[in-house]
Amino acid sequence: MSRTFPGWHAAKGIFDRDRARQRAQLKDVDRERRDFASRTLVVFVVVAVICCVLTARMVWLTVFKHDEYRTISEDNRIQMFGVPPPRGRIYDRAGNVLADNVPVFSIFVIPELTDDVDATLSEIAALVELSDDEIEAFHTLASESFPHSPIRVKPQISPEERAVVEVNRHRLSGVLVQPDTVRHYPYGEVMAHAVGSVRRKTAEDIRRLDRRRYSRTQFVGKRGVEAFYEHSLHGEPGSRQVEVDAHGREQRELARNPPVPGRNLTLHLDASLQVAAAEALGERRGAVVAIDPRSGGILAMASVPSYDPNLFVTGMDPAVYNELANSPKKPLFNRATNGRYAPGSTFKPVVALAALAAGVTDWERTIVDSDGTYRLPNGSREYRDWTWTKDNGGGQGVIDLHRAIYRSSNIYFFELGNRLPVDVVPRFAEQFGYGHVSSIDVAGASPGLLPDSEWKTGARGEGWYPGDNLNLVVGQGDLLATPLQLATVVAIIANRGRVVRPRMLLDSDESLAEFEENEEQSAVTGPTPDDWRRMVAAMEAVVHRGNQGYLQNGTAWAYIGQDIAYRMAGKSGTAQVVGIAQGEEYNEEELDEYSRKHAWFTAFAPVDDPRIAVCVLVENGGSGSSVAGPVAREVIDHYVLPSLAAAPSRSTALASESGRALAAPPRPGD
Amino acid sequence: MPSDYARTLPLGDASGRALVRLHLDPWLLLGLGAIVAFGLLVLYSASHRDLETLANQALRIGAAFAVMFVAAQLNPRIYLRWAPALYILGIVLLIAVLLFGTTVKGSQRWLDLPGLPSFQPSELMKLAVPLAIAWYFHARSLPPRIRHVLAALALCALPTALIVPQPDLGTGLMVAAGGVAVILMSGIRWRVVGALTSLVVLASPALWFVMTAYQKERVLTFLDPGRQPQDAGWNITQSKAAIGSGGFSGKDLFNGTQSQLDFLPESQTDFIIAVIGEELGLVGITLLLVLYLLVVARALLMATEARDTFGRLAAGGLTLVFFAYVFVNVGMVSGLLPVVGVPLPLVSYGGTSAVTLLLGFGIVMSIYGHATR
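Those protein sequence lines, which keep their order, are chains A and B.
All residue numbers for the first sequence refer to my numbering, where the first residue is 1 and numbers rise by one.
All residue numbers for the second sequence refer to my numbering, where the first residue is 1001 and numbers rise by one.
It should be emphasised that the hints constitute simulated quantities derived from the structure, not laboratory data.
Hints should not be assumed to be uniformly reliable.
[To be verified] Facing chain B, from chain A, some residues (calculated, C-beta under 10 Å):
#1 T40
#2 F44
#3 F64
#4 H66
#5 R93
#6 A246
#7 V320
#8 N322
Every residue, glycine too, gets a C-beta built ideally from N, C-alpha and C.
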């Protein structure tokens, strides 16, 4: 069968031939050995050449590319780490700490050392409360950090929380409890609006801020002084040149460039005055701003209700935040710098000075208020005095400028408003800080609104009507100002026209970039020294003129002027919140709380040597003299009385003029 | 000749004679010993001065030397007789690996047979292929005819084809290198070598289609190391940085930042020569390459002294397998060749390749030691 296989013979033939040749060559062992030897030599040469190629390659890397690869290897092992600077502290004028850095313990996670970051966070959340905000903050920081660096998850844990975490450490790989510092505000909500607060750096901050300066920074100033002086308080980060391994773990420090600590700031604030101001307001909504008229320094700036800024530092429970943010009492709102209210009658001294400067009136001219109403010539609308009621058409009688101030006569000012040319009052009022921000370093202060004809054309598309002037001269209409602005106005009056700009900063380690005074000492132009003296006297009468019968007493005398131990000048104001229809009477009982009038009182003391100027606002408080006046008195008492006690002779002499007996039962004055 | 030869050795008469009686070659032993000593020193540094690693490796190398001593005592006729059986056993085991092998780190290389420690049959083929092809040519006239060359290539290609898909490109290459080395040394004409080489070069693009994704990735990475800085390309960049930053004389032992700070991957195993480069510089690398070259030279010289065709081809082939390790490893770490998992012989941490390679040298010594003129 095999014979039938094609090619068998041929194959067998080849095989046989092979065998024959093999046999023939078998004996030629020497030749084969020689052949192999020469072949081996060739192979060895090839091997040697390959070795040379490999060596040449090594020469190329080690000699010709040495510098390049040395750079790569140095870059591998040497890392620069930022060292965050300690944030500057904030002090009040007496050296009380308003914002401090306190040591705490915080929970950190090193992502690289965890099996699963999210699982680890859940484990931590099972032990201590961990909000969504905190988890989000963690991821934000983690996204811009090395996986080997510890990232804060839960700042400031309690000793109990620390114990719970430590006990469970064995099953929490990559979780650390480490010493840390957080911002602390010892005065809590009392100082919240004045000093402001920091918050944990957010994703938005990371985009906005200088990456280099803030790479390791934990907190960023968000409100108040903390926000305004953020740059100086922050300081300059240092750096550490560190040798790391491939996993980024630090091996040793090669060089260190220490951080420049943030500047410590001393503010004009007087913590005890601030506490007194907040206590004087009590449960009411409102604001108190106290300024030293000599320097413009803000001694107190309270806005009530307030919030605990410490809650913002480390992030709070969203429920707590929502309650704060949505409360109708608006605790997060800084009324002192951002609450815009009609100044009401507190504007009258400014209008009076404008009219004196413009020659529209003088101290001797009188008008007669016969029925408590005023009509523009040919006008049908009835403008009323604050004393007007449906039953009382009597009016306040003969009124000169002095009496127009201490009785706060609307009728006198309506008549003045009719005769004052358009825009005279706004141009004059600007000098006091109305309509713009005159403060130097108050973060986010509102400019208020000072309406004039140009503004009205732009905003309303219509011209300035005579009625607008009438509203303006009694501080109503479109005019809006903040308590900070009105405190500035009364400080300037206390200075008899010398302009000061309100400021927070009293002193610092060294001059700060943010504080730009560029202020030439300026004065309000227009009124004569005699005008100032007589205006101050009129405002003094608001507080001290008493026992003369109701229509002859200062509007505030009954409430604050009877037992006062020093001389105070003041002006009350009451701002309408809702319009009262023609012929209708304002009836507090019929209005809901938030529609009632706002109560103002602006004052300074001592009259002859003013050291404090105060503005009090009580939202929906009603009458300025009876509601805001006592608050102002309490604040000024707190500041002035201790120094009077040191020099008793002068204070008793000044106090003797105040009346002792009560006259007719006081009606709420304007 | 052995007794005369013993007198030329630097060991003294008595010990030299004893070695020769044990069929051990003192020169080769000296060279291998130098490489091992150098390797242990570098491993000590690469392991961050871990004595346990060092002791482990010393134990393995010791065991490998023991295997070499035993192998040297066997008569080369035994290797000739058992070469085909070994080859067939190897093929059967490779098929078994493909069918029932254990997968470790994504590669199916290991075989767990009841009653035996698990092992890699592909390791066996590094010796079996050169032995089998030497056996094949031993029975045929030299220089070989084309069809014998083709048959030998088939003997070489079959195990390679079984190993590469495991996947284990490195071992496959070493197995193929052993076979090809024997064929080259068999006396094949240079023009045939040229023709076959160009055929392989032309066919190499076809390899692309049988390579696994990760093998393709390695080739691409080789062509452009910046491609995947965190992966395979990272390894090469770091090893080049280690060698290049070492410069002429290195950063001194234990002071290489790339290796000591873990920037250099696989610093104890496949990439250990980069540690040498970084810490001992060009000087250290050149010294090691010279040692390798001396070992290869001595072993090739021993091959030329063999008694028969099988002895010559087997000894030559096994020696060139050893050199192929050196070439592929150093070429890979220095960025001349794509990354394939081949250790640096007798220096990289691990016992498997040391046993295989020293067993090979044991056979070389057996062939030389049993040769009679």
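- Item | chain B contact restraint for V320/A - C-beta distance below 10 Å | 44 Å, violated
- Query: Minimum Cβ distance from A246/A to chain B below 10 Å?
  - Reply: 4 Å, holds
- Minimum beta-carbon distance criterion (10 Å), F44/A to chain B: 5 Å, holds
- With a cut-off of 10 Å, does the beta carbon of H66/A approach a beta carbon of chain B closely enough for the hint to hold? 5 Å, holds
- Does F64/A pass the interface check with chain B, least Cβ-Cβ distance below 10 Å? This interface hint holds because 9 Å falls under the 10 Å limit.
- Item | Restraint outcome when T40/A is required to lie within 10 Å of chain B by C-beta distance | Result: holds, 5 Å to nearest chain B Cβ.
- Message: The hint names R93/A as touching chain B; please verify it with the least Cβ-Cβ distance against 10 Å.
- Response: Check failed: Cβ of R93/A comes no nearer than 54 Å to chain B, outside 10 Å.
- Item | When the least beta-carbon distance from N322/A to chain B is tested against 10 Å, hint result | 44 Å, violated
Of the numbered hints given earlier, the model fails hints 5, 7, 8; all others are met.
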